[in-house]
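Read off the chains here:
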Amino acid sequence: MNDMRVTERTVTDKQIKMKARKVQVFYGDNHAIKDVDVDIEDKTVTAFIGPSGCGKSTFLRCLNRMNDTIDVCRVEGEIDLEGEDIYDAKVDPVQLRAKVGMVFQKPNPFPKSIYDNVAYGPRIHGLARSKAELDEIVEKSLRRAAIWNEVKDRLQAPGTGLSGGQQQRLCIARAVATSPEVLLMDEPCSALDPIATAQVEELIDELRERFSVVIVTHSMQQAARVSQKTAFFHLGNLVEFGETSKIFTNPDDPRTESYITGRIG
Amino acid sequence: MTDATAGSAPRTPARSLFAEDARTKRRNRAEARFRAYGLAAVVIGILALIMLLISILSNGLSSFRQTYVTFPVELAEARLDPQGNRNPEEIAAVTTFGYLPVMAMAFIEHVDAMGIEHDLSPQEMAAMISGEAPAQLRAMVLANPDLVGQTVTLEMLVNGRIDGYFKGRVTMASAERDNNVTPGQLVLAQALADAGAMETRFNWNFITAPDASGQRPEAAGLGVAIIGSFYMMLVVLALALPIGVAASIYLEEFAPKNRLTDIIEVNISNLAAVPSIVFGILGLAIFINFAGLPQSAPIVGGLVLTLMTLPTIIIATRASLRAVPPSIREAALGVGASKMQAVFHHVLPLAAPGILTGTIIGLAQALGETAPLLLIGMVAFVREYPAAPLDGLFDPASALPVQVYNWTQRSDPAFVERASGAIIVLLVFLVFMNAVAIMLRRRFERRW
Amino acid sequence: MPLLWIIVIVLLLGAAGFVLGRQRAVASAGGDARILHSLPNYYGTNVLILSVVPALLVMAVWLIIQPMVIESRVTGMIPEAAIEEAGSRSLVMSDVRRVADGLDTAIAAGALTPEQARGMRTELTDVRARLGEIGVALGGEVSSEVLAAAQSYRGLKRSGNLMMTVAVLALAALGLAYGYIRTNREFRARNAVEVAILAILMLASTIAILTTVGIVFSMLFETFNFFELYPWREFFFGLEWRPSFEGGSDLGLIPLLWGTLYVSVIALLVSVPIGLFAAIYMAEYAGKRMRAVAKPLLEILAGIPTIVYGLFALITVGPLLRDYFAAPLGLGSSSSSVMTAGVVMGIMLIPFVSSLSDDIINAVPQSLRDGSYGLGATQSETVRQVILPAALPGIVGAVLLAASRAIGETMIVVLGAGAAAALSLNPFEAMTTVTVKIVGQLTGDTDFSSPEALVAFALGLTLFVLTLGLNVLALYIVRKYREQYE
Chain A
1 MNDMRVTERT VTDKQIKMKA RKVQVFYGDN HAIKDVDVDI EDKTVTAFIG
51 PSGCGKSTFL RCLNRMNDTI DVCRVEGEID LEGEDIYDAK VDPVQLRAKV
101 GMVFQKPNPF PKSIYDNVAY GPRIHGLARS KAELDEIVEK SLRRAAIWNE
151 VKDRLQAPGT GLSGGQQQRL CIARAVATSP EVLLMDEPCS ALDPIATAQV
201 EELIDELRER FSVVIVTHSM QQAARVSQKT AFFHLGNLVE FGETSKIFTN
251 PDDPRTESYI TGRIG
Chain B
1 MTDATAGSAP RTPARSLFAE DARTKRRNRA EARFRAYGLA AVVIGILALI
51 MLLISILSNG LSSFRQTYVT FPVELAEARL DPQGNRNPEE IAAVTTFGYL
101 PVMAMAFIEH VDAMGIEHDL SPQEMAAMIS GEAPAQLRAM VLANPDLVGQ
151 TVTLEMLVNG RIDGYFKGRV TMASAERDNN VTPGQLVLAQ ALADAGAMET
201 RFNWNFITAP DASGQRPEAA GLGVAIIGSF YMMLVVLALA LPIGVAASIY
251 LEEFAPKNRL TDIIEVNISN LAAVPSIVFG ILGLAIFINF AGLPQSAPIV
301 GGLVLTLMTL PTIIIATRAS LRAVPPSIRE AALGVGASKM QAVFHHVLPL
351 AAPGILTGTI IGLAQALGET APLLLIGMVA FVREYPAAPL DGLFDPASAL
401 PVQVYNWTQR SDPAFVERAS GAIIVLLVFL VFMNAVAIML RRRFERRW
Chain C
1 MPLLWIIVIV LLLGAAGFVL GRQRAVASAG GDARILHSLP NYYGTNVLIL
51 SVVPALLVMA VWLIIQPMVI ESRVTGMIPE AAIEEAGSRS LVMSDVRRVA
101 DGLDTAIAAG ALTPEQARGM RTELTDVRAR LGEIGVALGG EVSSEVLAAA
151 QSYRGLKRSG NLMMTVAVLA LAALGLAYGY IRTNREFRAR NAVEVAILAI
201 LMLASTIAIL TTVGIVFSML FETFNFFELY PWREFFFGLE WRPSFEGGSD
251 LGLIPLLWGT LYVSVIALLV SVPIGLFAAI YMAEYAGKRM RAVAKPLLEI
301 LAGIPTIVYG LFALITVGPL LRDYFAAPLG LGSSSSSVMT AGVVMGIMLI
351 PFVSSLSDDI INAVPQSLRD GSYGLGATQS ETVRQVILPA ALPGIVGAVL
401 LAASRAIGET MIVVLGAGAA AALSLNPFEA MTTVTVKIVG QLTGDTDFSS
451 PEALVAFALG LTLFVLTLGL NVLALYIVRK YREQYE
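Residue numbers (my numbering), protein chains in the order written: chain A, 1 to 265; chain B, 1 to 448; chain C, 1 to 486.
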């Protein structure tokens, strides 16, 4: 089973970027997330896995307060970014989201040119003083998202005209352009074909050098391939959280083992 | 490629989430401003609505009340039936001008009998009573010739200016400058009111009576206009509903997808956007000049409004037909029904509430439409009630919105009150129709 | 025979046909309805359709054609001299009709016997006085030609009506008989009925096209007549609008078009920002409760008839603008003005713009909003930089539709803008529009042979072309813009 190969990487003790303690999420009366504790390390890819509806995406959206846009959603517990509670009343979610960027399940480029898509974040956050600086940020972000060579000749073409895989890499470039500290990815490959998926996975591995990446995925193979830490969610509970190699080879919890071996999911 | 993002970027970010940096503050202020613009827009819209309603209500509510004067009149045989044989034809020979002095004298005598001091000439006193009153008295006598010779107590309309005085429209100061009324008349009117002989009360005549001439705003009513509007709605309902539903069924269920049906569809959506006055021109050219139908007739108005309403009804009907899931049709076809049977037995009944709602809304639009009716002669001054349908559909009549327009074109300011009052009646009908439509939608709305 | 009676008799025949057809079908199956090809009612319906539909169709066509035939026959009887004297053929004909109707009324009232009416001579009887007695007022003395024409008009109408009655009833009876004979148990009655119903449905759907054709032809025809009397160059490029019924009118389109566009621009300046911002607020900011209250309130504005807005302009907004803006600024003393009509029309269009924009904004996918918020954009940044650009084609379409409405709006400008044609920049001056002049030239008694009346058709055609063009353009822009992103 080549797919199940676990990346052999040295996992050193890294600084903890985000810390979640006793997080509860309610959708109206529905208790969607129960008592979740997770530490997100810097310069690490953390994967959230679990069957559909287990709450992994919901929890991901708590990390940059995207759930604020849903009226009925309520979050309790504590989530810290570098020691600061992101649900504190003083925190402006706008500032938070500049530090914790997000890439979505379906590629969602804005109906603008490729250039404007990438420049959108830097513009609203005022990251560039001049056009030249903005050009530089755009180019760097596109290079980082490994799409520069494909689009450098048509930066003014609409972003919606790209293929699915290119669109998703464009969205990653767009998220990278604001130089976030944490990058959240919600099943970024589920709408892509295998080749595009491989490209994005490769990209995620490179992004780890600069950001802390949290990825929600349906595919255990993907989690095994790209992540160093894995959290397994089941029915709103965090069942197990630890080194990816351990979770996939020697899980503590029988539920995790059932899922890994394909008995639940 | 150097890793310069964090270093060279000119951002001065607050390292802490708890402190807002200058740029975020600015952005949040822009956000608040933007939000305020949005709220202001909503508030302006609602304020405009409130202002509109207040303007109409404050001007128009008083038209439902009218001032009447009560006094006894001796219907002297010598004047009204000189031959004395109560022959209706001979009584009819006495015109309104014969009744005027009878009435005026009775009024003057009554005022004197009540002992009210005044220095008005007999002409000025007679002018206080509505010009419509002698005609009403004559109609009363003709209806019942036995009244001649008796003394009857009459409640008669007073002149529009006197009425305006009790409604606050006419003041002593304005009467000084007005040729149609003198302050003395107002003083006497006030005295009569104090004595209980003059009274302002609810006025059914405003809703039932026909229009009156430009000098007699106090007598003008909406009777003919309401009947005319009602007849037109009958025509629209009888034509637009079946035609609209039939057309929708064909287009939605049977039409092959080809050039012709494409043209029809584009046509319908364009017709919905054609200015209403163009339909008036169509009505004038086709129904009146070409087909020779009479002017001012509800049938022509109804036909024009039918053509205008059709697109609305077709669009609503097609939407509700489309909302019926294909599984229903397939189920019917599956038990051996023909396509026609599937549509008429199953799809149409399920779509009926939506069709009905659309029809009522279309009718409400048609009821308020004015411009096309102006062109087909509905502005004419009509005093006769139209006959019962179907003949009545060809009789001249007015229509509610046109009556409003008609009254705005008259010089006496009392007609502003009348026009606003007519609009209140129109709005009451519209509110009622829309309420029924909303109720239907709530009651029968089905989500698949 | 009155029309109603003919219709009732035809319907009764149809009902009888239904019963007979049904019975015959059942009888042919020996009383066992299961042997029949179709349900018994279909056999009845088949006979009913055959007897009623052709008869009523013939009646409808007859009713349209008969007046035209009679008119042309009677017009031939009137000598040219009489026409010149009266001014125009149509005036003489309306006299003829009035006399003929008067004679009918007189007979109905019992004042004349039918023989007397037919034998009446102007030399012997004072027709006007005679008809006046029974309440039929005639404008002038009745000439012998007119009386003769009226009498033959009546005669033709009588015999025409009689012929129609006979034809329609005969057709109904024939249809009944044919349907009845065809009825037997092998006959596929359901299929026949369904074909007939399908034909009726198809006919109904062509009404929309007929309406458009009617609109275009009625206006084209009269517009051609107008351009025969009045040079088209002067109409399209004339800078003066001064109709005079003694002839020698100036009928230039430009001042009317200017007024129309000026009012529309002001209306759009009022309605587009307010409507758009209201839509944005409703879609993006307002809470559930706020939306539940404010949205229906704004929609009420859309349900109010335009005559109400017209009166609002006339009695409230006009005087208000005059007393607080125009007069203090020294810009004019008229309460009807471009500004009055424009502001009120703007109010009318607010819900039109806002509900269209609301739909369009809501149609922008949530994923785009998420993408923007995920990057740390504020709501207003998301709206301005992501949602509005994405919704732009729809909003442009909505604005163009609103513009087409503004141009075609009649009652607000009739009551609010004034009647004097002017080419001026002062928004507080009374100006007039195309629609106002259509109403003005066609209301009341009009002589359809004078350019002053016919110009209204040319104006109507201009208006129709203008609004149609805007609608088509709106659709085109939307499509073009969408293609760019598909």
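Think of the hints as simulated: they come from the structure by calculation, not from any bench. All figures in this text were calculated on a predicted structure; none of them were measured in a lab. Among the clues, some could well be false.
Dumping the calculated EDC-like pairs for lysine to aspartate or glutamate here, alpha-carbon to alpha-carbon at most 20 Å [what the hints assert, rightly or not]:
1) LYS99(A) x ASP21(B)
2) LYS90(A) x ASP21(B)
3) LYS34(A) x ASP116(A)
4) LYS99(A) x GLU20(B)
5) LYS112(A) x ASP370(C)
6) LYS90(A) x GLU20(B)
7) LYS106(A) x GLU240(C)
8) LYS99(A) x ASP370(C)
9) LYS288(C) x ASP29(A)
10) LYS288(C) x GLU84(A)
11) LYS90(A) x GLU155(B)
12) LYS22(A) x GLU84(A)
Partial list, derived from the structure: chain B residues whose beta carbon lies under 10 Å from chain C [to be verified]:
13) PHE64
14) LEU147
15) GLN150
16) LEU154
17) MET156
18) LEU282
19) LEU284
20) ALA387
21) LEU390
22) SER420
23) LEU427
We treat Cβ as the ideally placed atom computed from N, Cα and C, and that holds for glycine.
query: Does the nearest C-beta of chain C fall within a distance shorter than 10 Å of the C-beta of LEU427(B)?
result: Since the shortest Cβ distance to chain C is 7 Å, the answer is holds.
message: Tell me if the straight-line CA distance from LYS99(A) to ASP21(B) falls inside 20 Å.
response: 13 Å, holds
- prompt: Regarding the pair LYS288(C) and ASP29(A), is the alpha-carbon distance no greater than 20 Å?
  reply: Roughly 18 Å between the alpha carbons, so the hint for LYS288(C) and ASP29(A) holds.
- prompt: Hey, LYS90(A) versus ASP21(B), does the alpha-carbon distance stay inside 20 Å?
  reply: The hint holds at about 12 Å.
query: Is LYS90(A) within 20 Å of GLU20(B), Cα to Cα?
result: 8 Å, holds
query: Is the shortest C-beta separation between SER420(B) and chain C less than 10 Å?
result: It holds, given that the least Cβ distance between SER420(B) and chain C is near 7 Å, below 10 Å.
message: So if I understand the rule, the pair passes when the alpha-carbon distance is 20 Å or less; does LYS99(A) with ASP370(C) pass?
response: 16 Å, holds
message: Please verify whether LYS106(A) and GLU240(C) have alpha carbons no more than 20 Å apart.
response: 62 Å, violated
- prompt: Is the Cα-Cα distance between LYS99(A) and GLU20(B) 20 Å or less?
  reply: It holds: about 13 Å lies between the C-alpha atoms, which stays within 20 Å.
Agreement of hint MET156(B) with chain C interface, Cβ distance less than 10 Å: 27 Å, violated
message: ALA387(B) was flagged as interface toward chain C. Is the shortest Cβ-Cβ separation under 10 Å?
response: Since the shortest Cβ distance to chain C is 12 Å, the answer is violated.
When the least beta-carbon distance from GLN150(B) to chain C is tested against 10 Å, hint result: 29 Å, violated
The structure is inconsistent with the numbered hints 3, 7, 10, 11, 13, 14, 15, 16, 17 and 20, although it conforms to all the rest.
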